[in-house]
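Q: If you read the protein sequences in the order shown, they are chains E and V.
Counting with the working numbering, you get residues 1218 to 1514 for the letters of the first sequence.
Counting with the working numbering, you get residues 141 to 440 for the letters of the second sequence.
Since the hints were made in silico from the structure, they are not lab data.
Virtual Cβ for every residue (Gly too), placed ideally from N, Cα, C.
Certain hints may be false.
Coverage of chain V stretches by chain E, computed from C-beta distances (three or more under 8 angstroms per stretch; other residues unrestricted) [stated by the list, open to error]:
{"#": "1", "region": "168-178"}
{"#": "2", "region": "258-265"}
{"#": "3", "region": "268-278"}
{"#": "4", "region": "286-294"}
Chain by chain, the residues:
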Amino acid sequence: MALSTVSRVRRQLPTSPWLFAAPGLLITGAFILYPFGSTLVNAFTDRRTLIPGHFVGFANFRELWHDEMFWTGLRNSTLYIVGVVPALVVLPLLLALLVQKNIPGITFFRSAFYTPVVASIVVVGLIWVWLLDERGLVNSLLETIGVGRIGFLSDQWLLLFSAMAVTVWKGLGYYMIIYLAALAGVPRELHEAASVDGAGAVRRFFTVTVPAVRSTMVLVGALSSVAAFKVFSEVYLMAGPSGGPAGEDTTLVMLVQRTGTGLTGRVGYASALSVVVFVVTVMLMLLVLRADRKEDS
Amino acid sequence: MSVIERTRPVQETAVREPRITDQHGRRIRVWELVLRYALLLIVLAITVGPFVWQLSTSLKGPTEDIYSSPPTFLPEHPTLHNYKRVADTIPVWDYAFNSLKVASANVVTNCVGSALAGYALARLRYRGRRVATLVFILAMLVPVEGIIIAQFTTMRELGLNNTLIGVVLPGCIGAMNVLLMRNAFLNLPYEIEEAAYVDGANVWQRFLRIALPSVKGTLAVVAIFAFMGAWDDFLWPLIVLSDPSKFTLTIGLNYLHGTFANDERLVAAGTVIAVAPLIALFACLQRYFFRGVGEGAVKG
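Go ahead and model the full structure; you've got the sequences and the hints to work with.
A: This is how it looks when you write it as structure tokens:
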């Protein structure tokens, strides 16, 4: 009897469901799916901001292949994954273990560690530009302890590395919360059994904690690698709009933004670059999902 | 030497120490507690220190040396002079108001739009519901950075580039928010709505009076993340806004940094203006922030 009532409840008023879903579908269609489709189409045209453009086949992709800046962008975005993801998988887990126990004042620390997540990336970028400045706080401290000043923001590689450090710094609190939720589900008995068996803190970490939160580690790896590949703001703010010395710190999304916007923007070429961003993003997600499934079986 | 041999005696002496226990009610050894607090303070210095340093820089007057080595952490004569200078240099309060307008609009549209769509996906039976759900799932997977140029050309076609409406529109009903609301509605028991149906309540009454009040928590999460997302956003407003009078705070700060990069006190004051409201919001509504991360991560 209950079942039939349920289906009657849901069957009522045939037009209103679409009324309910319409605003969401309209916005999603107009500003996500339509732009997605038009990116795929534009990638095969020579469209510019003010000129409609014609079909040019694979010309954009051929040009891209010979564009040194494209390879620089692809290299930097890929390096970003390599540099950022291991740190964002491991450090927030350690941090979560540190704030897991309910000792006095721990809620204050948990919230404090989350502050960088709340701040805008622009604020964060500018704070670190000043901290890492030739005359900034980090260099003052380094000079005080006798190391000497380092040009964090003038060398191509140091700049990219500093931007990675900022990304990690801003992401720590976010992933810490994800790990905290996962750690709450680890049965306490596992730890007790391990410590009765004589396992120290380090061994318990590898034999109990890591296997228990492994799927969360995969999730964090997936989220952070997709985000890392699409990095824009940190590098844009720290290296400048042109991407550091000789543009050597340009990332793929910075290149999309630079070529595709403004009145002379090459929409067609920027769309071809965007297609590369899609393809790599999807590949990353599939790769991580496969790694997860393999470990499960 | 085994761990048990080493720790047993310490545990026994710990009985006399103040009873500080972990979440399972077990006592924590004193040396471990000291170590934990030491580590916590180090991480605190790393995560919050930079904000404090920025605040300190913004309060230092023009005659004070901000480059000294070793550094001076506290301003000798704290002054609000730099905040006045920011307002003289860029219309910072107009920018803050623009950010507030964009963020508030984003909250309203996301709450209304995703609650309606989420309810349709979860509760109403109609042809094409699966397709509609799939549309939102696909939309959630599209990387925004990859379609930003096409979004820009779409805005131009609509004549909405360089307007605050253009800033709000693309994210005004986030696909992830719709799916979050759908899950929240799915988790409600059917029986209550059934009873209301039997009593003659129509679909709007059931939505407004019964379903919606039961998902207030999720709605709060959607609202907070919509506000934070819009207030903090950088790439999209940077692309869509070109007229300095329409800038939001983040774009204004980028402009300030680009034009007055060597005036660190000025930039510091600007960043404090941009970050202070959000830190205040976070301080008041922490638990929703944390819930949002959990729900977004599991379902996103």
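Q: Compare the structure with each hint and give your call.
A: These are the hints, each one checked on the structure:
1. 168-178: Coverage by chain E holds for the region 168-178 of chain V (4 residues, Cβ < 8 angstroms).
2. 258-265: holds (count 6)
3. 268-278: holds (count 5)
4. 286-294: holds (count 9)
When each numbered hint is compared with the structure, no violation occurs for any of them.
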